[in-house]
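Chains as they are written, first to last, in this note's numbering: chain A, 32 to 284; chain B, 4 to 325.
None of these hints come from the bench; they were simulated from the model.
One should not assume that every hint holds.
Unchecked claim - Computed footprint of chain A on chain B; a stretch qualifies when at least three of its residues, placed anywhere within it, have a C-beta under 8 Å from a C-beta of chain A: (1) 85 to 95; (2) 258 to 271.
To be verified - Result set (DSSO-like, lysine-lysine): computed pairs, CA atoms no more than 30 Å apart in a straight line: (3) B:46 - B:84; (4) B:84 - A:189; (5) B:266 - B:294; (6) B:46 - A:180; (7) A:139 - B:84; (8) B:46 - A:249; (9) A:282 - B:287.
Note that CB positions come from ideal geometry on N, CA and C, so glycine has one too.
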Amino acid sequence: MKIAVLVKQVPGGESTLRLNQNGTWINEDAVTYEMNESDNYALEEALQIRDSVGDSEVVAVSMGPDRVQKIIREALAKGAERGIHIQMPQAGLTDSLLAAREFAAVMKPEKFDLVLSGLQSDDLGLGQTGVILGEFLGMSTATLVVETKLETDGLKVKQELEAGWFQWVKMSLPASLTIQSGLNTPRYPSLKGIMGAKKKELKLVTAEVDKARQSIGKVFTQHSEKKTIMLDGSIDQVVEQLISAFKTDIKIL
Amino acid sequence: MDILVVLEASKGLIHRMSLEAITSAQYLGHELGLKVNVLALGKDAKALAQQASSFGLESVMLVENEQLSTYSADGFAEAVKQIIEKEKPAYVIFGHTYQVRDYVPKISARTNSPFLADNIGLKIIKGKPVFIKHLFNAKLAAEIEPQSEGTCLISFQSAAFQAENIKSGSGPIKSVTVDISEDQIKTRSEAPFREEAGGVDLTAADIIVSIGRGIGKEENLAIIYDLAKALKGEVGSSRPVVDAGWLPSSRQIGSSGQTVSPKLYLALGISGSIQHVVGMKGSKKIVAINKDSDAPIFELADYGIVGDIMEIVPKLTDALNP
Ligand SMILES: Cc1cc2nc3c(=O)[nH]c(=O)nc-3n(C[C@H](O)[C@H](O)[C@H](O)COP(=O)(O)OP(=O)(O)OC[C@H]3O[C@@H](n4cnc5c(N)ncnc54)[C@H](O)[C@@H]3O)c2cc1C
Ligand SMILES: Nc1ncnc2c1ncn2[C@@H]1O[C@H](COP(=O)(O)O)[C@@H](O)[C@H]1O
């Protein structure tokens, strides 16, 4: 079985986000990058499916500037067989149709049986790239997948619905699934894996991008109207203030 | 056609987020001088159309088709695609529900229309709509501009508009047909179910001590249990703590977990991303402790403390245990 995983590089959750000078994106120099959270789960699921099926390969695909090679290498270190870097100068495409078209152009000749991606990117949060790509590749699709089961005649996935509900969905292959976090325990790369990753194939392709049809005009910080009382001082002082709020305002003591 | 709102059903009625979408459409229509239509499809289409007919709308389109009697992403996408191709709406608006996440990207691919997803607001700048969207899990927001000539697909996050603000009036119902064959539907879904959790019912709790990824590691949870005990409250959590297997899923609060409204919600090491916030924003009082002064949870909190939970929580517990 041939499995592709889309892995996107996004600012890590601990990064401080500052706007760039003209307020059109963040100041990229100030952030540390990591693999998008749900993509990491998608990668692990791909590796587990590969191991259970045998005679399979996992290909990690990422689009972006050169820095994204770091997470492709990370995927290779965790056990993916090959990587593809679709080179794109700007940080991210804000138009998923364009992004998916690029992925489709590069991935179509590979004839993947399964494409796994994250359910949503932690930077743009559009939540659509994997499904659009599935359409472009003529695949079955499912979103918010929390469990996968290969069957003799296709695939069965458990899909998360709202408020703690689930549903099993059956489909034929090839399929593109968007993966929800928490469905497995992502592995850490071993030292041997890290060494071995250097020797694995990482193919570079150049993206040819049309004009985006949805774009970011301005980025800003949003403030609500709600008045928040910030408690200040030493730890003992804030604890004291909080206890008094528990008594007088919140009335739980 | 100007604007089309696609309705989703919830327990046989129009989903609250579809009502909010109608409000957004009426606002957009008012600002740009455009007419608003709605589309009802699926098993409950007739009931939804009836309900919508008392709103101020240009028309209520009713699609009844055997292939849409159970939801499938392929079937629903195909139906809406055919309506778009026939009616050529400028804007098609949805509530950003799980179902919309599931099938609207397909419409985007099939009609080559951009999908501006998960917006929290809408502004008109120089006669053109600009959509406001969260970036980086609500840490920043951005103005998103459609650059498209043709149809634009739009979805709004819960509570971006108020359902109560729908303008009433009358919307004439007209039946429309779509042509869908069974082999166009590539997935088959089984009946929805709930996990037999046997877990806690957090909705009944007066005090919830809720912990997020900021706890760092499983062993650190001890300080949270101690605090919950001292406050006689229940322990709740954000998704990453459940994903890591440190707490059972019945403790998860948010869009895929429980929705709670206790007297006190203590958000500890939780950033405040929307999928968590929808589950706890109804709390009477919210106290947030977070080491990042820019964390979005502080926008929502009644009381905020910028600091390390590992230092503050044990002291708070001590102060509560005389
Ligand atoms: C479809 C969908 C459904 C989802 N459903 C849910 C859901 O039901 N519930 C849910 O919670 N999430 C849900 N999520 C995930 C959600 O988007 C966020 O990723 C998640 O809520 C983040 O959890 P967090 O705030 O604990 O972690 P983070 O966003 O990583 O925040 C951790 C916070 O801890 C702070 N911190 C770190 N260390 C310390 C310290 N020592 N002291 C004080 N503060 C510290 C950091 O400053 C940061 O603000 C869903 C996502 C999607 C896409
Ligand atoms: N530039 C990219 N490189 C690799 N994967 C991507 C990229 N953009 C989107 N994806 C994948 O698509 C998923 C959903 O992204 P989005 O539609 O932007 O929310 C991500 O979690 C990734 O798996």
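Please work out if residue 84 of chain B and residue 189 of chain A have their alpha carbons no farther apart than 30 Å. Given that 30 Å is the threshold and the Cα spacing comes to 26 Å, the pair holds.
Mind checking, does the segment 258 to 271 of chain B have 3 or more residues with a CB under 8 Å from chain A? That given contact holds, which follows from 7 residues of the segment 258 to 271 of chain B lying within Cβ reach (below 8 Å) of chain A.
30 Å limit on alpha-carbon distance, applied to hinted pair residue 139 of chain A and residue 84 of chain B: 24 Å, holds
Keeping to a limit of 30 Å between CA atoms, is the pair of residue 46 of chain B and residue 180 of chain A held or broken? 29 Å, holds
Restraint check for residue 282 of chain A with residue 287 of chain B, where alpha carbons must lie at most 30 Å apart: Roughly 11 Å separates the two Cα atoms, so the pair holds.
Run the distance test for residue 46 of chain B versus residue 84 of chain B: straight-line Cα separation, threshold 30 Å. 18 Å, holds
Residue 46 of chain B paired with residue 249 of chain A [C-alpha distance capped at 30 Å]: 41 Å, violated
Within 30 Å, alpha carbon to alpha carbon, are residue 266 of chain B and residue 294 of chain B? Roughly 24 Å between the alpha carbons, so the hint for residue 266 of chain B and residue 294 of chain B holds.
Counting residues of the segment 85 to 95 of chain B with a beta carbon closer than 8 Å to any beta carbon of chain A, are there 3 or more? As far as the segment 85 to 95 of chain B goes, the hint is violated, because 0 residues have Cβ atoms under 8 Å from chain A.
Violation of the numbered hints given earlier is confined to hints 1, 8; the remaining hints are satisfied by the structure.
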